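Trainee: Sequence:
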Amino acid sequence: MFQPWRLKLREAEEALKSGRLDEAGELVSDMELQQYLPTKRLVSRIVGQLAKRGQQRVAQGDTAAGWKDLDTAMRLQAEDKQVDALRQDLVTAAIQEAETLLAAGEYEMARARLDDLLQRQPVNSQASILRQVVSKMLEAKQLARYGKLSVADTLLEEAAALRKDLKVI
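Counting from 1, position 15 in the sequence shown corresponds to residue -3 in my numbering; the numbering is continuous, with no gaps.
Rather than coming from a laboratory, the hints here were simulated on the basis of the structure. On a predicted model such as this, the values are computed, not experimentally measured, just so you know. A portion of the hints provided could be inaccurate.
[As the list claims (entries may be wrong)] As a list, the in silico DSS-like pairs of lysine-lysine whose alpha-carbon atoms are at most 27 angstroms apart:
1) K34 - K50
2) K(-10) - K22
3) K50 - K(-10)
4) K146 - K123
Kindly produce the complete structure, drawing on both the sequences and the hints.
Mentor: Take a look at the structure:
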């Protein structure tokens, strides 16, 4: 008779074969089950497939689903080259999205997008700098509404100094 962990492993393998990655990940997420070598091998395959699917979703513009795949992969196995590549793709997409929002004059939405990114990836200098730029531009916009144009102009110059490549400033 099969041991209970082997039955669960078999169920996870079947889920993976049929493309149900989330279900397969959930089945092998049990720490007791992860002590067995066959489970470790299966987890590695699931993580690779999650990373691959996440990158496809990012390429299609569905970053929310990409973040979900990254979160699932990280829960199962934190270190993997494909997972790192997915993380980098997601960070790049989020920064580009924030820059697009900034160019469209949607400062609050750009700041919210960067805040979400910095909560997930607190150590990202590009996002931190862009967040400072957005904050300065928002503050300058508010000051300009109240007629404090010289202070607003100073803030815009500071923002421009932080990111010289942004033409929107």
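Trainee: All hints are to be evaluated individually against the structure, with a verdict given for each.
Mentor: Now the hints, each set against the structure:
no.	hint	in the structure
1	K34 - K50	13 angstroms, holds
2	K(-10) - K22	13 angstroms, holds
3	K50 - K(-10)	23 angstroms, holds
4	K146 - K123	19 angstroms, holds
In summary, this structure violates none of the numbered hints.
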